[in-house]
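Novice: Now for the letters of each chain:
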Amino acid sequence: MKYLCLLYADETQYPKMSKADADQWMTRFASFTDEIKKSGHFLASNRLQPTPAATTVRVRNGKLSATDGPFVETKEQLGGYYLIEARDLNEAIQVAGRIPGALFGSVEVRPVMDM
Amino acid sequence: MTGAGEGGDAGERARAMVETVYRSESRRVLATLIRLLGDFDLAEEALQDAFTAALERWPVDGPPANPRAWLVSTGRFKAIDALRRRSRFDASLDRIASDLGTAPDPAEVADEDGIADDRLRLVFTCCHPSLPADARVALTLREVCGLTTEEIAAAFLTPPRTVAQRIVRAKAKIRDARIPYQVPSRADLAERLDSVLHVVYLVYNEGYWASSGERLTRSDLAEEAIRLGRLLVECLAEPEAEGLLALMLLNESRRAARASAAGEVVLLEDQDRSLWDRGRIAEGVALVEHALASRRVGPFTLQAAIAAVHSESPAAERTDWAQIAGLYDVLARIEPSPVVELNRAVAVAMRDGPEEGLALVDVLLARGELDDYALAHSARAELCRRLGRRSEARSSYARALELARQEPERRFLERRLAELAG
Numbered sequence: 001m002k003y004l005c006l007l008y009a010d011e012t013q014y015p016k017m018s019k020a021d022a023d024q025w026m027t028r029f030a031s032f033t034d035e036i037k038k039s040g041h042f043l044a045s046n047r048l049q050p051t052p053a054a055t056t057v058r059v060r061n062g063k064l065s066a067t068d069g070p071f072v073e074t075k076e077q078l079g080g081y082y083l084i085e086a087r088d089l090n091e092a093i094q095v096a097g098r099i100p101g102a103l104f105g106s107v108e109v110r111p112v113m114d115m
Numbered sequence: 001m002t003g004a005g006e007g008g009d010a011g012e013r014a015r016a017m018v019e020t021v022y023r024s025e026s027r028r029v030l031a032t033l034i035r036l037l038g039d040f041d042l043a044e045e046a047l048q049d050a051f052t053a054a055l056e057r058w059p060v061d062g063p064p065a066n067p068r069a070w071l072v073s074t075g076r077f078k079a080i081d082a083l084r085r086r087s088r089f090d091a092s093l094d095r096i097a098s099d100l101g102t103a104p105d106p107a108e109v110a111d112e113d114g115i116a117d118d119r120l121r122l123v124f125t126c127c128h129p130s131l132p133a134d135a136r137v138a139l140t141l142r143e144v145c146g147l148t149t150e151e152i153a154a155a156f157l158t159p160p161r162t163v164a165q166r167i168v169r170a171k172a173k174i175r176d177a178r179i180p181y182q183v184p185s186r187a188d189l190a191e192r193l194d195s196v197l198h199v200v201y202l203v204y205n206e207g208y209w210a211s212s213g214e215r216l217t218r219s220d221l222a223e224e225a226i227r228l229g230r231l232l233v234e235c236l237a238e239p240e241a242e243g244l245l246a247l248m249l250l251n252e253s254r255r256a257a258r259a260s261a262a263g264e265v266v267l268l269e270d271q272d273r274s275l276w277d278r279g280r281i282a283e284g285v286a287l288v289e290h291a292l293a294s295r296r297v298g299p300f301t302l303q304a305a306i307a308a309v310h311s312e313s314p315a316a317e318r319t320d321w322a323q324i325a326g327l328y329d330v331l332a333r334i335e336p337s338p339v340v341e342l343n344r345a346v347a348v349a350m351r352d353g354p355e356e357g358l359a360l361v362d363v364l365l366a367r368g369e370l371d372d373y374a375l376a377h378s379a380r381a382e383l384c385r386r387l388g389r390r391s392e393a394r395s396s397y398a399r400a401l402e403l404a405r406q407e408p409e410r411r412f413l414e415r416r417l418a419e420l421a422g
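So the protein lines, in turn, are chains X and A. The numbers in my numbering rise by one with no breaks, and the one at position 57 of the first sequence is 57. The numbers in my numbering rise by one with no breaks, and the one at position 143 of the second sequence is 143.
Isolated chain X (complex conformation):
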């Protein structure tokens, strides 16, 4: 089964991080990604630009509107994701628990709907 692991964290903290710390987190993420590629869990992953870069789009009565910012303002923002393949929800939770982002933010695990 496929699961989407959504990485949430307080993005205002990133600019306050030292270069050494930021590098270390990058290494940890790279090492984790490498690990789940080897174990066969990895399907896709991306880091997102912070929410000031977001545009929210709606079409109502045939008219498109685009507004600045994310759909909802939250204390922790969506900053990236891993799409993984796992045997079941508990295996997905285990993999999600090893995502370095879980150490400072939260990881939301969502089963992908079977179509």
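Honestly, the hints are just simulated from the structure, not real lab data. Hints may contain errors.
[Claimed, not checked] One-sided and incomplete, this derived list gives chain X residues near chain A with beta-carbon spacing under 7 Å:
#1 Arg28
#2 Gly40
#3 Leu43
#4 Asp88
[As the list claims (entries may be wrong)] Covered stretches of chain A, as calculated for chain X (at least 3 residues, CB under 8 Å):
#5 43–53
#6 164–176
#7 197–206
Cβ atoms here follow ideal geometry from the backbone N, Cα and C, with glycine treated the same way.
Starting from the structure of chain X, add chain A where the hints point.
Specialist: Quick look at chain A alone, frame taken from chain X:
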């Protein structure tokens, strides 16, 4: 797997073998890895890594002589390797990796008895009394039987996230409370075995008669429970384990007979006994006899003995109700419960007549403990019906219908009510 891979036929065969070995061995390998690594999550990861490695290596190197031992030592090696890599960021992992680094005796890894013990250890750990009952069931089904979280959730009509959290919490509890990974000592065995047997029976019952919903039986859960029962009987010479396996086999022997083609309930007395599975009955009866001969008779053995009396009766009207009522007397003494007393009352009704049975049922209902138990009201209704007390029968069937959750059971009660109408 698509077309002829780069490995050709030999590669295909090796890959097919990995899949076969996964189905037959993965739970045993996991049980041993949990013992060697001392951690559920680490062991599950190691299991996955070992099979991934098998998919890479076996098509190239050919399958190993002892696949299980290969998987165990590869899994163990991969786990230590993973801990070493992660210790770059978390120094505490390095010590764990070093502790694990002392290679185990290869004989210990491949030893057949040791492997069987590992599965037994896993069952006892998953059914530890300090875990909540629903967590024991979920953990046993996932770790010992290899069901997925989603399958367990579907079987128990619970959202997958709820089952997943039970499993996560149970594993944390095992880790934090340092629940030992071992078969309990003789002194604790009886009490601990009791918890294991109840988990297995709960799984069986869920498979026998789903607690709610449209389908009457979920045979895969029942089959898992019987597999667990066999494991317990093979590894432990305990009469109650035999009694439980016998009880499950005897109940299971009637699977084909207890629902009509349309999915309606067929009561024991109305079942076509030629549909009963004679092989399972023979196996169940032999187990009951062996358990009874031990003279350490427990509740599962007694229930199995009662089931065996039904199984050996050629026709409903020739059932030895005196023997069944006698067995219920003993059962009510060693494990008193209102449900056992209700069953005893029904047996007494069959032995001595509905009037005597009804008197016992009314005493039970007056105590109030069975007020919300549909079967108590339907038993009362049935006895009233036989006595020609139609309006009492109707009101008891109506009460049973209010309480019944199972669709086929509801339809059965509705039919009875319709027959009594007017």
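Novice: If a hint holds in the structure, say so; if it does not, say that too.
Specialist: These are the hints, each one checked on the structure:
no.: 1; hint: Arg28; in the structure: holds, 6 Å
no.: 2; hint: Gly40; in the structure: holds, 5 Å
no.: 3; hint: Leu43; in the structure: violated, 15 Å
no.: 4; hint: Asp88; in the structure: holds, 3 Å
no.: 5; hint: 43–53; in the structure: holds (count 5)
no.: 6; hint: 164–176; in the structure: holds (count 3)
no.: 7; hint: 197–206; in the structure: violated (count 0)
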